[in-house]
Amino acid sequence: MNIETKRLVLRALEPEDAEFLAGVVNDPEVRDLLGAYELVFPVGPKAEAKWIASVSAREGEAHMTVTLRRGGRPIGILSVKDMDDRNASAHLSIVLERPSWDQGFGTEAVAGVLDFLFNRMNVHRVWLRVNERNVRAIRCYEKCGFSRDGILREDHFERGCWASSIIMSVLADEFRGRGR
Amino acid sequence: MIRGKKVNLVAAGPEYVEFYKKWINDPVVVDMLGVRNYPISAEREREWAERQLEPTDDRRQFTILTKRGRPIGNCGFNVIDYQNRFAVLGIMIGERELWDKGYGTDALEALVRFGFETLGLHKVCLTVDSVNARALACYKKCGFVVEAVLREHRFHRGKYCDELWMGILEDEWRARARSAPRAR
Numbered sequence: 001m002n003i004e005t006k007r008l009v010l011r012a013l014e015p016e017d018a019e020f021l022a023g024v025v026n027d028p029e030v031r032d033l034l035g036a037y038e039l040v041f042p043v044g045p046k047a048e049a050k051w052i053a054s055v056s057a058r059e060g061e062a063h064m065t066v067t068l069r070r071g072g073r074p075i076g077i078l079s080v081k082d083m084d085d086r087n088a089s090a091h092l093s094i095v096l097e098r099p100s101w102d103q104g105f106g107t108e109a110v111a112g113v114l115d116f117l118f119n120r121m122n123v124h125r126v127w128l129r130v131n132e133r134n135v136r137a138i139r140c141y142e143k144c145g146f147s148r149d150g151i152l153r154e155d156h157f158e159r160g161c162w163a164s165s166i167i168m169s170v171l172a173d174e175f176r177g178r179g180r
Numbered sequence: 001m002i003r004g005k006k007v008n009l010v011a012a013g014p015e016y017v018e019f020y021k022k023w024i025n026d027p028v029v030v031d032m033l034g035v036r037n038y039p040i041s042a043e044r045e046r047e048w049a050e051r052q053l054e055p056t057d058d059r060r061q062f063t064i065l066t067k068r069g070r071p072i073g074n075c076g077f078n079v080i081d082y083q084n085r086f087a088v089l090g091i092m093i094g095e096r097e098l099w100d101k102g103y104g105t106d107a108l109e110a111l112v113r114f115g116f117e118t119l120g121l122h123k124v125c126l127t128v129d130s131v132n133a134r135a136l137a138c139y140k141k142c143g144f145v146v147e148a149v150l151r152e153h154r155f156h157r158g159k160y161c162d163e164l165w166m167g168i169l170e171d172e173w174r175a176r177a178r179s180a181p182r183a184r
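These protein sequence lines map, in sequence, to chains A and B.
If you're matching positions, the first sequence starts at 1 in the numbering used here and goes up one per residue.
If you're matching positions, the second sequence starts at 1 in the numbering used here and goes up one per residue.
Treat the hints loosely; a few may be bogus.
[To be verified] In silico SDA-like cross-links for lysine to any residue, where the CA-CA straight-line distance does not exceed 20 Å:
1) 22(B) <-> 142(B)
2) 159(B) <-> 174(A)
3) 50(A) <-> 43(B)
4) 50(A) <-> 90(B)
5) 159(B) <-> 69(A)
6) 22(B) <-> 69(A)
7) 159(B) <-> 88(A)
8) 50(A) <-> 60(A)
9) 81(A) <-> 40(B)
10) 67(B) <-> 123(B)
11) 143(A) <-> 86(A)
12) 140(B) <-> 90(B)
13) 22(B) <-> 67(A)
14) 22(B) <-> 56(A)
15) 159(B) <-> 171(A)
16) 22(B) <-> 4(A)
17) 22(B) <-> 88(A)
18) 123(B) <-> 42(B)
19) 22(B) <-> 5(A)
20) 123(B) <-> 148(B)
21) 22(B) <-> 15(A)
22) 50(A) <-> 95(B)
23) 140(B) <-> 166(B)
24) 140(B) <-> 116(B)
25) 159(B) <-> 89(A)
26) 22(B) <-> 39(A)
27) 141(B) <-> 130(B)
28) 123(B) <-> 83(B)
29) 81(A) <-> 6(A)
30) 50(A) <-> 40(B)
31) 67(B) <-> 101(B)
32) 22(B) <-> 14(A)
33) 22(B) <-> 72(A)
34) 5(B) <-> 142(B)
35) 67(B) <-> 36(B)
36) 159(B) <-> 115(A)
I should point out that these hints are in silico values taken from the structure, not numbers from a laboratory.
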């Protein structure tokens, strides 16, 4: 099922999103804050289409396109990975195109997906890794109920030096408690 | 084709894949269905639809069409056990604006009749989440009775709810069918 919030619909990632996705992850300012280990070189739309086809076929992962409810235009990608059924734990990641930053879309998408994971999929814990320089993202996650678990010290190389990531998580009870 | 009064049941298949994708991704439709799925892509849904072209003897899916040929939902037998002569059915009306208009009830009656008259079943049963009042009312109207309550068996909107097993026996159905007019 699609995940619907006030202004957004999260639908399945489709091959036709390749062009959009390439545009987003090739944006230097997006890339700078992304902290994705595997994204190093520029990526073309064909390569993105291949990536979409391969991740869509994987079990235990869900890749979604964040679209505007009005008009359906894509503004970002949200993925749930490393789903561990017995431990009821899942990993979350999200990237939004730059023009859609600072309008509450990230918070809305993450909150919508947390509601889905906790209240429908019966997940116990959602966690993520974020570049420690990505203040905007960290604030968004904190608004959604995430707190800091710890630091992965100098886990990646960027801007000519070693940089660190922060691990954050939110538990089902914490998320439900927020709404009260 | 299985004929009802307001709907016909036809073989499920790839020609309806756009509709299947829409229904299975509609949060309001899925909310009551008891399936919990992430957004489903066109490719994944196509695979499911293609698989319906090679049905097995022990399960069969149908697409519900209005008499004008508009696809509005799916139904079918998820289990057919010929040794014990029972089947477990499932049904959904995916077009929400057509809820509460009797299409589900009519499709269900057609499916149940097919189960007893054509498959020669002794019993038809189903499971339903206790929170699904609309479905529950429909099943009761069609003569199904609650046989078992599985306590806090299903996770629904952040809480556990009961799952009900319902069934109708051959004799019960025949007694009902005798007093109701048949579809042509």
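Structure versus earlier hints - violations, ascending order: 1, 4, 5, 10, 11, 17, 18, 22, 26, 29 and 35
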